[in-house]
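So the protein sequences, as listed, match chains G and B.
Residue 0 is where the first sequence starts when you use numbering that gives the first Met the number 0, and the numbers rise one by one after that.
Residue 0 is where the second sequence starts when you use numbering that gives the first Met the number 0, and the numbers rise one by one after that.
Calculated directly from the structure, the hints in this document are not laboratory data.
Some hints here could point you the wrong way.
Derived SDA-like pairs: lysine to any residue, alpha-carbon spacing no greater than 25 Å straight-line [as the list claims (entries may be wrong)]:
#, chain 1, residue 1, chain 2, residue 2
1, B, K183, G, E8
2, B, K183, G, L18
3, G, K82, B, W76
4, G, K82, B, Q56
5, G, K72, B, P107
6, G, K82, B, N85
7, G, K82, B, K72
8, G, K82, B, L75
9, G, K72, B, K72
10, G, K82, B, A49
11, G, K82, B, R19
12, G, K82, B, N47
13, G, K82, B, F63
14, G, K72, B, E123
15, B, K183, G, E36
16, B, K183, B, D67
17, B, K65, B, R36
18, G, K82, B, E177
19, B, K183, G, H38
20, B, K183, G, L49
21, G, K82, B, R36
22, G, K72, B, T129
23, B, K183, G, S53
24, G, K72, B, H12
25, G, K82, B, A13
26, G, K82, B, G35
27, G, K72, B, D50
28, G, K72, B, A74
29, G, K82, B, D57
30, B, K183, B, D119
31, B, K72, B, L88
32, G, K82, B, K183
33, B, K183, G, G60
Computed from a prediction, not measured in an experiment: that's the story for all the values here.
Residues per chain, in single letters:
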Amino acid sequence: MTTPSERPEVRCQDFIIDLLLDYLEETLGPEGRTACERHLEDCEACRAYLATYSRTRQVVGATMAEPMPDEMKARLRRFLLEKLSRDGDDES
Amino acid sequence: MAAEAARPPDSDHALVEALRAGDAAALEALMARYSGRVYRLACGILRNEADAEEVAQDVFLTLFRKVDSFEGKSALWTWIFRVTTNAALARRRGKRLEVEVPLEEHLPRFAADGHRLGDDSYLEFDWSRTPEEELLSGEARAVVRRAIDTLPEDYRVVLVLRDVEGLSNEEAAEAVGETVACVKSRLHRARMALREQLTRHLGSQR
Numbered sequence: 000m001t002t003p004s005e006r007p008e009v010r011c012q013d014f015i016i017d018l019l020l021d022y023l024e025e026t027l028g029p030e031g032r033t034a035c036e037r038h039l040e041d042c043e044a045c046r047a048y049l050a051t052y053s054r055t056r057q058v059v060g061a062t063m064a065e066p067m068p069d070e071m072k073a074r075l076r077r078f079l080l081e082k083l084s085r086d087g088d089d090e091s
Numbered sequence: 000m001a002a003e004a005a006r007p008p009d010s011d012h013a014l015v016e017a018l019r020a021g022d023a024a025a026l027e028a029l030m031a032r033y034s035g036r037v038y039r040l041a042c043g044i045l046r047n048e049a050d051a052e053e054v055a056q057d058v059f060l061t062l063f064r065k066v067d068s069f070e071g072k073s074a075l076w077t078w079i080f081r082v083t084t085n086a087a088l089a090r091r092r093g094k095r096l097e098v099e100v101p102l103e104e105h106l107p108r109f110a111a112d113g114h115r116l117g118d119d120s121y122l123e124f125d126w127s128r129t130p131e132e133e134l135l136s137g138e139a140r141a142v143v144r145r146a147i148d149t150l151p152e153d154y155r156v157v158l159v160l161r162d163v164e165g166l167s168n169e170e171a172a173e174a175v176g177e178t179v180a181c182v183k184s185r186l187h188r189a190r191m192a193l194r195e196q197l198t199r200h201l202g203s204q205r
């Protein structure tokens with residue numbers, strides 16, 4: 000078993016590149032999570048990185064969520080019904 | 000197709016059964032349930048409304064005509080996302096207009112000791128409490144949109160599936176036919192690249 004002093008420390012690169020995503024998704028084991036938390040306590044830059052990374056995720060979601068215009072929905076419905084009724088005519 | 004529309008099926012399973020039977024109400028229900036998401040996904044991949052509309056048309060035709068090929072091993076919407084992703088990517092390959100910027104240009108850089116390279120004031124810049132209206136309008140929005148537009152398409156697809164559609168890593172992996180590890184890696188790199196560009200922009204406004 001490793002003692003705390005033997006445990007390798009998490010560096011900024013380890014946290015940002017290898018651990019951050021799993022840390023956010025809560026898929027790290029307890030040891031990994033504790034190691035990240037210890038690093039975050041001491042590292043203002045990684046705290047800022049984590050906060051802005053999380054916010055980026057929300058900004059991207061909101062920016063890309065293009066609603067389908069109602070008139071487009073109506074056009075889609077007309078297109079499909081027309082096309083499928085033509086399919087039906089061809090079959091008969 | 001049956002001429003008489005029955006009550007729309009409640010569950011996806013019932014919907015598939017009704018589609019197989021050629022029920023017009025089922026097609027309506029399928030559109031009502033999924034057209035918004037199909038369009039959003041296609042738009043996210045193609046970044047063009049007219050192209051996304053045509054993809055949505057193709058997708059629903061395919062879903063209706065090929066419903067027998069849906070084996071029911073995965074959720075209906077995972078299948079729909081896969082059909083949509085393939086249709087959008089096929090369309091995009093025909094007309095790749097934007098210049099994709101290599102992600103490496105926007106990824107954080109590190110020194111040999113594992114510390115991130117850059118000025119402390121930049122590295123510690125925390126803009127996460129910036130009001131939403133400031134981030135989602137004007138120049139910041141344009142920066143985000145441009146950054147999304149120039150992501151390599153494989154990365155953008157994963158970003159849409161995870162951060163817009165809310166799929167799990169496993170579902171996104173199934174939709175794009177890649178491993179979960181690959182999806183997670185693309186997602187993380189895409190988010191890091193976008194974060195970097197947004198940070199540079201907001202930092203320049205300080």
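Structure-based check of all given hints:
no. : hint                 : verdict
1   : K183(B) with E8(G)   : 24 Å, holds
2   : K183(B) with L18(G)  : 11 Å, holds
3   : K82(G) with W76(B)   : 23 Å, holds
4   : K82(G) with Q56(B)   : 10 Å, holds
5   : K72(G) with P107(B)  : 42 Å, violated
6   : K82(G) with N85(B)   : 21 Å, holds
7   : K82(G) with K72(B)   : 29 Å, violated
8   : K82(G) with L75(B)   : 23 Å, holds
9   : K72(G) with K72(B)   : 29 Å, violated
10  : K82(G) with A49(B)   : 19 Å, holds
11  : K82(G) with R19(B)   : 17 Å, holds
12  : K82(G) with N47(B)   : 24 Å, holds
13  : K82(G) with F63(B)   : 11 Å, holds
14  : K72(G) with E123(B)  : 46 Å, violated
15  : K183(B) with E36(G)  : 21 Å, holds
16  : K183(B) with D67(B)  : 32 Å, violated
17  : K65(B) with R36(B)   : 19 Å, holds
18  : K82(G) with E177(B)  : 33 Å, violated
19  : K183(B) with H38(G)  : 22 Å, holds
20  : K183(B) with L49(G)  : 16 Å, holds
21  : K82(G) with R36(B)   : 22 Å, holds
22  : K72(G) with T129(B)  : 35 Å, violated
23  : K183(B) with S53(G)  : 15 Å, holds
24  : K72(G) with H12(B)   : 24 Å, holds
25  : K82(G) with A13(B)   : 23 Å, holds
26  : K82(G) with G35(B)   : 20 Å, holds
27  : K72(G) with D50(B)   : 14 Å, holds
28  : K72(G) with A74(B)   : 24 Å, holds
29  : K82(G) with D57(B)   : 11 Å, holds
30  : K183(B) with D119(B) : 29 Å, violated
31  : K72(B) with L88(B)   : 24 Å, holds
32  : K82(G) with K183(B)  : 39 Å, violated
33  : K183(B) with G60(G)  : 17 Å, holds
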